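Enquirer: Given next are the chains, with one letter for each unit.
Number of protein chains: 2
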Amino acid sequence: MKKKINRRKFLRNVGITTSIVALAAHKSKPTSAKEIFNWKMVTTWPKNFPGLGTGAETFAKTITESSGGRLNVTVFGAGEIVPAFEAMDAVTSGAIEMGHGGPYYWKGKVSATQYLSAIPFGLTPQEQNSWFEKGGGQEIADKIYNKMGCKFFVCGNTGPQMGGWFNKEIKSLKDFKGLKMRIPGLGGEVIKSAGGTVVNLHGGELLTSIQTGAIDALEWVGPYNDLAFGMHKAGKYYYYPGWHEPGGVLDCFINLEKWNSLPKDLQKIVETSAIATTQRITNEMIAGNNQALEILIKEHKVKLKPFPDNVLKELFVLSDKVMKKLISSDPLSKEVYNSIINFRNLSIKRSEVSELKFLEARSKFLI
Amino acid sequence: MKKKINRRKFLRNVGITTSIVALAAHKSKPTSAKEIFNWKMVTTWPKNFPGLGTGAETFAKTITESSGGRLNVTVFGAGEIVPAFEAMDAVTSGAIEMGHGGPYYWKGKVSATQYLSAIPFGLTPQEQNSWFEKGGGQEIADKIYNKMGCKFFVCGNTGPQMGGWFNKEIKSLKDFKGLKMRIPGLGGEVIKSAGGTVVNLHGGELLTSIQTGAIDALEWVGPYNDLAFGMHKAGKYYYYPGWHEPGGVLDCFINLEKWNSLPKDLQKIVETSAIATTQRITNEMIAGNNQALEILIKEHKVKLKPFPDNVLKELFVLSDKVMKKLISSDPLSKEVYNSIINFRNLSIKRSEVSELKFLEARSKFLI
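The listed protein sequences derive, respectively, from chains Y and S.
Using the working numbering, the first residue of the first sequence is number 150, and each one after it goes up by one.
Using the working numbering, the first residue of the second sequence is number 150, and each one after it goes up by one.
Careful: at least some of the hints might be erroneous.
As the list claims (entries may be wrong) - Pairwise CB distance ranges (calculated):
1) ILE446(S) to SER321(Y): 29 to 37 Å
2) GLY379(Y) to ALA377(S): 32 to 40 Å
3) GLN287(S) to ALA233(Y): 28 to 36 Å
4) GLY344(Y) to LYS341(S): 57 to 65 Å
5) LYS210(S) to ASN487(Y): 30 to 38 Å
6) ALA233(Y) to LYS210(S): 35 to 43 Å
7) PRO232(S) to GLY228(Y): 53 to 61 Å
Stated by the list, open to error - Okay, derived cross-link-like pairs now, DSBU-like style, lysine-lysine, Cα gap no bigger than 35 Å in a straight line:
8) LYS474(Y) to LYS320(Y)
9) LYS283(S) to LYS513(S)
10) LYS320(Y) to LYS256(S)
11) LYS382(Y) to LYS256(Y)
12) LYS283(S) to LYS382(S)
13) LYS498(Y) to LYS323(S)
14) LYS452(Y) to LYS326(Y)
15) LYS513(Y) to LYS341(S)
16) LYS320(S) to LYS210(S)
17) LYS470(S) to LYS498(Y)
18) LYS382(S) to LYS498(Y)
19) LYS296(Y) to LYS513(Y)
20) LYS447(Y) to LYS470(S)
21) LYS462(Y) to LYS320(Y)
22) LYS256(S) to LYS513(Y)
23) LYS452(S) to LYS498(Y)
24) LYS513(S) to LYS317(Y)
25) LYS447(Y) to LYS256(S)
26) LYS329(Y) to LYS317(Y)
27) LYS256(Y) to LYS317(Y)
28) LYS413(Y) to LYS210(S)
FYI, nobody ran anything at the bench for these hints, they're computed from the structure.
All of these numbers come straight from a predicted model, not from anything done at the bench.
Note that CB positions come from ideal geometry on N, CA and C, so glycine has one too.
Kindly produce the complete structure, drawing on both the sequences and the hints.
Expert: In structure tokens form, the structure reads like this:
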């Protein structure tokens, strides 16, 4: 995987005596030969999937260019060398150096990962980033990923998701009873608890499933990704907000041994590139959602519907109950969940006097 | 400013013949000697000022560590080598390589800079970042900063600011008539137009000014910075939201010649570090504001007040009028303003179905 281009070796090849070489190697430390690392990054996304796959490419390119080619990262889409959900195994084993995906994909390995993705009624993307850096999140996430032999970095956020596409109106929590819905993660647990049947389907199967009536509802991501998949051709109502995923965290996981083998400057480049990529994915999501939403409304005449207040209230109460039950048997899940909820509760007042009130005024008074 | 540690020169010193040296220089390209750059960064902030000064330090440290010491950046607080508002002159002249501040500080040089800081009822921090990367903002900003001989990067955002500290209640737009208020930038232009007297004071003079009644109101930043300055000891009401600065952009400006002299990998490191720093400053602001707001409310019993809807509506209409008048005489100001407003208008619908509705539900239903 890595190739050592060593100054000493090179100079030996051109026939310079050992003593001079030793001196050179000593004296020229700031400019000494550096090891070259050629790394593979496997992802859970199809190659160049909007926002997520393109985010992985941005991440790899940033590392490669910032390191002047000392750490070359090549991205492989889902299925190119390993199937999407075997990305973590490949990295844990050390066969592949790093990966890019979403924490909840690994809940079968370490249950606590799913709380790192998004918690129903939890944190916005910016609060989530702040929690990772300033609220103890990085330390907890590393503890969780170390169990899979990996170093963790946040590496992207989908932004607040939509509530999903529904073929019937949702007027009360009872309307979820018997509803067949594609909704993965913790949101799915809440819907199950409300009496729904939760179905897990891959992106490619979604449109046909709702068109044929095999499912009644689905949530995917948001306008940008949903438009690309043609969801508007089937779902009758497009509900909001995405109470279940106010900000979907993407993860970068690096084999611990490989991570530890990197010199400090390259480690810093990887860390910094992950933070920058997180912001750049959010940038793409905002711009992409802006335009896609306009197309969905104006061209495709999509019917946008807010969940009624009584439904959101019941979902809030139910989410709290379901989450508390889920974490009760696993101390690590409890630790991450409680830490995020504490940060959220402290964030609520601040968001009320800043984003919330500002966005409300901006929407209300636009001429 | 920069010191060349050159392999060729070094080898000459240890007495190796030119022909071997030439060969070495050619063949060993991936590991060749690299120039060391020692750069100074002047800032408009006091050294380690919370969020902003500390952000500048984070930025410098990230560049230095990512480059393995090939680009060493040393930060100087306001007044350490040049006064705060002479930072741009020092960088334009090339005496100093780079600076960190806020775009509207340079409106005396290029009037259009002020629209890059924040526009009343404009963009949230995340929308602002998205506009810079995906909405044409970077290109416009470079055009503006090139006029000052600089390359531009966003390098931080204060987050949504507060409306300010007031010694009297604001019940209608008429209450701004005759009000002496410290409010810089475009928000100040709007208050002036509402009949207020706008005073420009430095951070250190603010508290005394409002305590002695020399001014009636002031806006500074938000809970984190306001608490640090003790504003709660004087202002009677703490109003929200910060309609005038929904996200205050911080800038990094680099002397164009110095920027062009950097090798591509170091340029990439600077660019990436600026994006990462933008997110990290927002992270610190969110966590800091969360805690400071709780202290202000619980310990200092600060009275938080929303501007009434009629006031926000009138400020919205007035802002639009004042901005349109301001930009009418300057094509560059017009270009940046219109570009941001177009992005905002497209953002409004998306924010309604995502952040706004989500934050509303989260606030309403917390048990």
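Enquirer: Now, for every hint given, state plainly whether the structure supports it.
Expert: Results of checking the hints against the structure:
Checked against the hint of 29 to 37 Å, the pair ILE446(S) and SER321(Y) passes, with Cβ atoms roughly 36 Å apart. Under the hint 32 to 40 Å, the C-beta atoms of GLY379(Y) and ALA377(S), about 52 Å apart, miss the expected range. At about 33 Å, the CB distance of GLN287(S) to ALA233(Y) agrees with the hint of 28 to 36 Å. At about 59 Å, the CB distance of GLY344(Y) to LYS341(S) agrees with the hint of 57 to 65 Å.
Our hint of 30 to 38 Å for LYS210(S) and ASN487(Y) holds, since their Cβ atoms are close to 32 Å apart. Distance hint check: the CB atoms of ALA233(Y) and LYS210(S) are about 37 Å apart, consistent with the given range 35 to 43 Å. Distance hint check for PRO232(S) and GLY228(Y): the Cβ-Cβ separation is about 59 Å, which falls inside the suggested range of 53 to 61 Å. Our distance criterion of 35 Å between C-alpha atoms is met by LYS474(Y) and LYS320(Y), whose separation comes to about 26 Å.
Distance restraint check for LYS283(S) and LYS513(S): the Cα-Cα separation of roughly 33 Å lies within the 35 Å cut-off, and the hinted pair is therefore satisfied. Note on LYS320(Y) and LYS256(S): the hinted pairing is violated, with a Cα-Cα distance of about 53 Å set against a maximum of 35 Å. The straight-line distance between the Cα atoms of LYS382(Y) and LYS256(Y) is roughly 32 Å, inside the 35 Å bound, and the hint therefore holds. Pair hint LYS283(S) plus LYS382(S) does not hold up; C-alpha atoms about 43 Å apart against a cutoff of 35 Å.
Between LYS498(Y) and LYS323(S) the CA atoms are separated by roughly 29 Å; this keeps the pair inside 35 Å, and the hint holds. Taking the CA atoms of LYS452(Y) and LYS326(Y), the gap is near 23 Å; set against the 35 Å cutoff, the hint holds. For the given pair, LYS513(Y) sits about 24 Å from LYS341(S) by alpha-carbon distance, which is consistent with the 35 Å threshold. Restraint check for LYS320(S) and LYS210(S): the C-alpha separation of about 47 Å exceeds 35 Å, so the hint is violated.
In summary, the hint linking LYS470(S) to LYS498(Y) is supported, as the alpha carbons are separated by about 32 Å, within the 35 Å threshold. Between LYS382(S) and LYS498(Y) the alpha-carbon distance is near 21 Å, which keeps this suggested pair within the 35 Å criterion. This hinted pair does not check out: LYS296(Y) and LYS513(Y) have alpha carbons roughly 48 Å apart, beyond 35 Å. This hinted pair checks out: LYS447(Y) and LYS470(S) have alpha carbons roughly 29 Å apart, not beyond 35 Å.
With a C-alpha separation of about 12 Å, the suggested pair LYS462(Y) and LYS320(Y) falls inside the 35 Å cut-off, and the hint holds. At roughly 31 Å between alpha-carbon atoms, LYS256(S) and LYS513(Y) fall within 35 Å of each other, so this suggested pair holds. Taken as a hint, the LYS452(S) and LYS498(Y) pair is honoured in the structure, with Cα atoms around 13 Å apart against an allowance of 35 Å. At roughly 26 Å between alpha-carbon atoms, LYS513(S) and LYS317(Y) fall within 35 Å of each other, so this suggested pair holds.
Pair hint LYS447(Y) plus LYS256(S) does not hold up; C-alpha atoms about 39 Å apart against a cutoff of 35 Å. The hinted pair formed by LYS329(Y) and LYS317(Y) meets the criterion: a straight-line CA distance of about 11 Å does not exceed 35 Å. Only pairs whose Cα atoms come within 35 Å are accepted, and LYS256(Y) paired with LYS317(Y) is accepted, the gap being roughly 31 Å. Among the hinted pairs, LYS413(Y) with LYS210(S) is consistent with the structure: their alpha-carbon atoms are about 13 Å apart, no more than 35 Å.
Checked against the numbered hints given earlier, this structure breaks hints 2, 10, 12, 16, 19, 25; the rest are met.
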